[in-house]
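One line per chain: the protein sequences are A and S, in this order. Residues 938 to 1207, numbered by the working numbering, are exactly what the first sequence covers, in order. Residues 938 to 1207, numbered by the working numbering, are exactly what the second sequence covers, in order.
What the hints contain is simulated information worked out from the structure, not anything from laboratory work. Worth double-checking, as some hints may not be accurate.
[Unchecked claim] Below, computed lysine to aspartate or glutamate pairings styled on EDC-like, alpha-carbon distance capped at 16 Å:
hint: 1; chain 1: A; residue 1: K963; chain 2: S; residue 2: E1060
hint: 2; chain 1: A; residue 1: K1048; chain 2: S; residue 2: E1127
hint: 3; chain 1: A; residue 1: K1206; chain 2: A; residue 2: E1089
hint: 4; chain 1: A; residue 1: K1144; chain 2: S; residue 2: D1178
[As the list claims (entries may be wrong)] Per the computed footprint, the stretches of chain S lying under chain A, defined by three or more beta-carbons under 8 Å from a beta-carbon of chain A, are:
hint: 5; stretch: 959 to 973
hint: 6; stretch: 1020 to 1033
hint: 7; stretch: 1083 to 1094
hint: 8; stretch: 1107 to 1119
hint: 9; stretch: 1144 to 1155
All values derive from a computational prediction rather than experimental measurement. All C-beta atoms, glycine included, are put in the ideal place defined by N, C-alpha and C.
Each chain, written out:
Protein chains: 2
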Amino acid sequence: MNSNSEASEERDAWIISIGNELLIGKVVNTNFSWLAEQLTSMGYRVKREITVMDDIQEISWAFREALSSKASLIISTGGLGPTYDDKTSEALAFALGKRWQVDEKALEMVKKKYESAGMEVTEHRIKMAKLPEGAVPLENPAGTAPGIMIKEGETLIIVLPGVPKEMKAIFNGMVEELRSRTGLAVAEAEFSVSGVPESSIAPLIDKIVAQYPSVYVKSHPRGKELGAPLLLIHLSARSRDEKEALSMVKQAEDALISLIKEIGGKVKKE
Amino acid sequence: MNSNSEASEERDAWIISIGNELLIGKVVNTNFSWLAEQLTSMGYRVKREITVMDDIQEISWAFREALSSKASLIISTGGLGPTYDDKTSEALAFALGKRWQVDEKALEMVKKKYESAGMEVTEHRIKMAKLPEGAVPLENPAGTAPGIMIKEGETLIIVLPGVPKEMKAIFNGMVEELRSRTGLAVAEAEFSVSGVPESSIAPLIDKIVAQYPSVYVKSHPRGKELGAPLLLIHLSARSRDEKEALSMVKQAEDALISLIKEIGGKVKKE
């Protein structure tokens, strides 16, 4: 990791994943990787991800941890539906020390969905319109439960449903706002190396990281360390200036490729 | 969630996932879901999963959090290789307040691998043999970096590589030991419901959960709440007695299916 030079410029994001289905291994957390990729490309540094059970204490613990770290952005997924184990909204109210109450705008959103389908607004459906005091409901174009947005100090909290299509639909409506909060450009480069084991590449990466402290370099083993080594090398840099980010990554990539070729590694640009 | 009656019997496990590649969204964390499924079937309750960056402070924070919660089992994946950003072993030593030193048995394992491939044992390769004082290296049948096992009070800590094949190979060697620690049998049942929205099923699940407090019921929306609702319903129970676990799940499943059919839901056993 190479946090020294860029840490102060970066904007930390936390992702909180809620749902027993993740913790019993029934569902693979693709929401997390999708969000992480989106946020990284916007200039956020996704610092931590926490997965917790459908339990008010557990969920509010996760929000409080993220808030106490002064994260710039907290995004949660899951626990927004109508069933007894959908507890995210209530847990967030609890974590913030705020009342949990029916929001008129959210209730309008929920009512409209059910009424246009010719269905009653029952107690379990009204629950989806209960928000922490001061929160704003986010229109859900792909489902019934609204998302939730609330600011706490400098931290923006966005609560999304766990159903991927709904999560993405609400998130996509917030891209402009989220992007404007970082003002950073990210440049990336990637290539693969075959013919030399990761442990032989390691000292070369050390050199490059020392030489280009603002570039982050990561190697991902894809083959066998012994026998048929194949490595994917990923470089990235962030800057307020897009050209500068691109130039830093390019320089570090060229330098690393030269060193790798010197020891007989075969390089292939992805 | 339904933790009341089973919480005291259960054995809590934490999973710690280490690697920037997860936090930038390059890699989907299938290690977590694989481990979670394995541990759940052995009777563990996977309580939390935390993903952290390749950073000593971050990794040791995660281990300390898990230790302070008195987890029965902590399993980490990632950060065991030879590169500069493989820091799990050192961070664990730091978290435990123990020395980080070359372990003779681990060094033998690493040496054997490289020497049989006709390669030198360099400084970066020796790093893979450094363990926290008092830890035991775990043979890696699919790669070079040994896993690590250490007990801290009542907590068993197992450190695995991030490469899925290596992670699974080391884990599979520990199944007997891990299973014997819980002594619990888990019974599960699953069926799908179409034709009624999740918000109409919610009050029925509430009833069943109140009636069968030791059975955990979870609904997963798969279709559209309005229009073409499709729900997957998953029930599970744990007991020291396998027959009892099976019988509890069966009773709750039958009762829930009856209620769902009464309101016109179509049930299909998976």
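**OP:** Against the structure, test the hints numbered earlier, and report the numbers of the ones violated in rising order.
**Re:** 1, 2, 3, 4, 7 and 8
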